[in-house]
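Asker: Spelled out, the chains give:
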Amino acid sequence: MKKMKNTKLKKFIDYLVIVIIGVILLYPIFWMFFATFKSNEEIYSSIKLFPKSFDLKYYIAGWKGTGKFTYTQFFLNTFIMVVPTTILTVASAALVAYGFARFHFPCKKLLFGLLIATLMLPNAVIIIPRYTLYNKFGWVNSYVPFYAQAALACNPFFTYMLIQFFRGLPKELDESAHVDGCGTFRTFVQILLPLMKPALFSAGVFQFLWTYNDYFNSLIFINSVKKYPISLALRMSLDAESVVQWGQVMAMSFLAVLPVILLFFAAQKYFVEGIATSGLKG
Amino acid sequence: MRSAKSAVKKSGYTKRDYQAFIYIAPWLIGFAILQLYPFLMSLFYSFNEYTIGAVPEWVGLKNYIKLFTQDTEFWNSLKVTIVYTLYTVPGKLIMALVVAVFLNRDIKGINLIRTLYYIPSLFGGSVAIAILWKLMFLENGLVNSFLQAMSLPTISFLGDTKYALKTICSLEIWQFGSSMVMFLAALKQVPRSLYEAAEIDGAGKIRIFFTITIPQITSIIFFNLIMQIIQALQNFTSAFVITDGGPMKSTYVLGMKLYKEGFSYFKMGYASSISWVVFTIILVVSLVLFRSSSAWVYYEDQGDF
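In the order they appear, the protein sequences are chains A and B.
Position in the first sequence counted from 1, then plus 7, gives you this note's numbering.
Position in the second sequence counted from 1, then plus 1095, gives you this note's numbering.
To be clear, the hints were calculated from the coordinates, so they are not data collected in a lab.
This structure is a prediction, so every number in the text was calculated from the model and none was measured.
C-beta atoms are modelled at their ideal positions from N, C-alpha and C, and glycine is treated no differently.
Among the hints, erroneous ones may be present.
What follows is a set of in silico ranges between Cβ atoms, one per label pair, in the way DEER data are often shown [claimed, not checked]:
(1) B:Lys1203 / A:Pro177: 30 to 38 Å
(2) A:Gly175 / B:Gly1254: 46 to 54 Å
(3) B:Lys1174 / A:Val26: 32 to 40 Å
(4) A:Ile31 / B:Lys1203: 14 to 22 Å
List of simulated lysine to aspartate or glutamate pairs, EDC-like, C-alpha gap at most 16 Å [claimed, not checked]:
(5) B:Lys1283 / B:Asp1201
(6) B:Lys1362 / B:Asp1112
(7) B:Lys1355 / B:Glu1168
(8) A:Lys59 / A:Glu49
(9) B:Lys1257 / B:Glu1234
(10) A:Lys178 / B:Asp1112
(11) A:Lys115 / B:Asp1255
(12) B:Lys1344 / B:Glu1152
(13) B:Lys1344 / B:Asp1166
(14) B:Lys1261 / B:Asp1166
(15) B:Lys1203 / A:Asp21
(16) A:Lys64 / A:Glu49
(17) A:Lys15 / B:Asp1201
(18) A:Lys17 / B:Asp1201
(19) B:Lys1362 / B:Glu1152
(20) B:Lys1362 / B:Asp1201
(21) B:Lys1283 / A:Glu49
(22) B:Lys1161 / B:Glu1144
(23) B:Lys1157 / B:Glu1144
(24) B:Lys1355 / B:Asp1166
(25) A:Lys18 / B:Asp1201
(26) A:Lys116 / B:Asp1112
(27) B:Lys1344 / B:Asp1255
(28) A:Lys71 / A:Glu248
Using the sequences and the hints, build the whole thing.
Answerer: Take a look at the structure:
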């Protein structure tokens, strides 16, 4: 009897700990949401979670942005920056991964080694020459740097992830396709890619997230407010007035994270499974 | 080397094999133009005085000498960055490991818990969340309000040089969920048979943890360790948005110093030398970790394909 009570107590404590950790982790997000309805006075020096009223006025005021451009422009900019980048990333990573995973060619070991080495290449050491290069090409203050880097498989993480996934597909598929007279490209598109859908989706979801959240590269490559993505616009909103209107800033910040949260819940599987498997195989 | 090899013996590659180069062509081009070339150029720039639009002027080691002997701001940034890394990387990994081990049991709703704990990681580098953090840790912000409600003294998180850096670190550690998910997956792969054998031999829970659990997941720990150190040494966004390097440069990480020198003052040669210092640190740390890994990292397969 006593033993049963002990295990019940243990379980209760376990779940209590789990709940406490969960609350600490998620409370900032909840608080952020409710702060979007509060005036500065309500936010300062108060632990109250709920606002006095659920007025949308901070959303409306915040959306107007600062001066010439509204958040319509900023959200549009982010969309234009992120979506093509994501698509190009997945496409080129898949092609390159196919080349590495399904072919034996001269210098393969060396080239693969280089690919892995670039996984650890810090952005900081190449950002300045990239800037001067893009400047020469006339790509500064556009999203072309993002597109180009995506199209040329510059983020080895995704290539590596897809190579690992390819390795899980039986080589017999390629071989029987070859026997049936399929060229390498047809094999790739009609046979292998459909089986890769979860991995492609995972890669897409991660690149979407990382590009969406990007600040450093956007800050360096984009100069005019007209082209600002949300990350730059939000930072700008902090400097907009001498006294920061936190309700407005929180409202826009919350709208900025909302797509991420929605994407996450819609595609949970791809986030969590993608992470869990990418780090494991070798 | 390649041509010598094929001249000496029959290459053994079919025509089909060479098609691989078509598929990896995007990467070959990207690697050459957008990775290798910038990598070498930044080394070149570091030996020059260079402003955008002007011609680089060779100055040899002048930038490096100035950096190491005259630039106290650099030494401060170096210290700040190293301290930041030493707080966040172990902090994040230990939290992730402890929680993963704690959850690695028959717990109802484990998937939901895993999903919820992961959410903070969605906001890595997010300006929106950095702004939230700034608001929460203001003098009259949420965290201080909680402290007051518990009759504790308030802390100037963003204004006190003792706390500002730790506050920035807390944002990073809050995002331990992604590492935790990886550890959980790795823990699941530890063969039950090992645990059973140990229990039969009479090993206690703690002994099992240190002699079986941890060793089995060292490859994941290693992977996380390296990637997170590399990321931490380049940190920029949280310091820039939350405290703008202050107070009194106590959060002025190398990423910010590099940005200021290169894109505020447009001293690109000088900024390049800073970037090579960062790179060298990362290189040395990576080499040391890789060297040591043969001693403590265990791999299931050797991964040769």
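Asker: Please go over all the hints and tell whether each is borne out by the structure.
Answerer: Hints and how they fare:
1. For the hinted restraint 30 to 38 Å between Lys1203 of chain B and Pro177 of chain A, the CB-CB distance of approximately 36 Å keeps it satisfied.
2. Under the hint 46 to 54 Å, the C-beta atoms of Gly175 of chain A and Gly1254 of chain B, about 53 Å apart, fit the expected range.
3. Under the hint 32 to 40 Å, the C-beta atoms of Lys1174 of chain B and Val26 of chain A, about 39 Å apart, fit the expected range.
4. Restraint check, Ile31 of chain A to Lys1203 of chain B: a C-beta distance of roughly 21 Å satisfies the suggested window 14 to 22 Å.
5. This hinted pair checks out: Lys1283 of chain B and Asp1201 of chain B have alpha carbons roughly 11 Å apart, not beyond 16 Å.
6. Simply put, Lys1362 of chain B and Asp1112 of chain B have alpha-carbon atoms about 47 Å apart, too far for the 16 Å limit, and the pair is violated.
7. This hinted pair checks out: Lys1355 of chain B and Glu1168 of chain B have alpha carbons roughly 12 Å apart, not beyond 16 Å.
8. At roughly 8 Å between alpha-carbon atoms, Lys59 of chain A and Glu49 of chain A fall within 16 Å of each other, so this suggested pair holds.
9. Restraint check: the Cα-Cα separation between Lys1257 of chain B and Glu1234 of chain B comes to about 14 Å, which is no more than 16 Å; the hinted pair holds.
10. Of the pairs offered as hints, the one joining Lys178 of chain A and Asp1112 of chain B holds, with about 14 Å between alpha carbons and a cut-off of 16 Å not exceeded.
11. Proximity of Lys115 of chain A to Asp1255 of chain B is assessed by CA-CA distance (about 53 Å); at most 16 Å being required, the pair is judged violated.
12. With a C-alpha separation of about 30 Å, the suggested pair Lys1344 of chain B and Glu1152 of chain B falls outside the 16 Å cut-off, and the hint is violated.
13. A threshold of 16 Å between alpha carbons decides the hint, and for Lys1344 of chain B with Asp1166 of chain B the separation of about 13 Å falls inside it, so the pair holds.
14. With a CA separation close to 24 Å, the supplied pair Lys1261 of chain B and Asp1166 of chain B exceeds the 16 Å bound.
15. Distance restraint check for Lys1203 of chain B and Asp21 of chain A: the Cα-Cα separation of roughly 11 Å lies within the 16 Å cut-off, and the hinted pair is therefore satisfied.
16. Proximity of Lys64 of chain A to Glu49 of chain A is assessed by CA-CA distance (about 15 Å); at most 16 Å being required, the pair is judged to hold.
17. Simply put, Lys15 of chain A and Asp1201 of chain B have alpha-carbon atoms about 14 Å apart, close enough for the 16 Å limit, and the pair holds.
18. Straight-line distance between C-alpha atoms of Lys17 of chain A and Asp1201 of chain B comes to about 13 Å, which keeps the hinted pair within the 16 Å bound.
19. Taking the CA atoms of Lys1362 of chain B and Glu1152 of chain B, the gap is near 12 Å; set against the 16 Å cutoff, the hint holds.
20. Distance check on the hinted pair: Lys1362 of chain B and Asp1201 of chain B sit about 57 Å apart at the alpha-carbon level, beyond 16 Å; violated.
21. Restraint check: the Cα-Cα separation between Lys1283 of chain B and Glu49 of chain A comes to about 46 Å, which exceeds 16 Å; the hinted pair is violated.
22. Note on Lys1161 of chain B and Glu1144 of chain B: the hinted pairing holds, with a Cα-Cα distance of about 12 Å set against a maximum of 16 Å.
23. A C-alpha spacing of about 9 Å is found between Lys1157 of chain B and Glu1144 of chain B, which places the hinted pair at or below 16 Å, so the restraint holds.
24. For the hint linking Lys1355 of chain B to Asp1166 of chain B, the alpha-carbon distance of about 14 Å falls within 16 Å, and the restraint holds.
25. Pair hint Lys18 of chain A plus Asp1201 of chain B holds up; C-alpha atoms about 11 Å apart against a cutoff of 16 Å.
26. Straight-line distance between C-alpha atoms of Lys116 of chain A and Asp1112 of chain B comes to about 14 Å, which keeps the hinted pair within the 16 Å bound.
27. Between Lys1344 of chain B and Asp1255 of chain B, the direct Cα distance comes to roughly 11 Å. Compliance with the 16 Å bound is thereby established for this hinted pair.
28. Taking the CA atoms of Lys71 of chain A and Glu248 of chain A, the gap is near 14 Å; set against the 16 Å cutoff, the hint holds.
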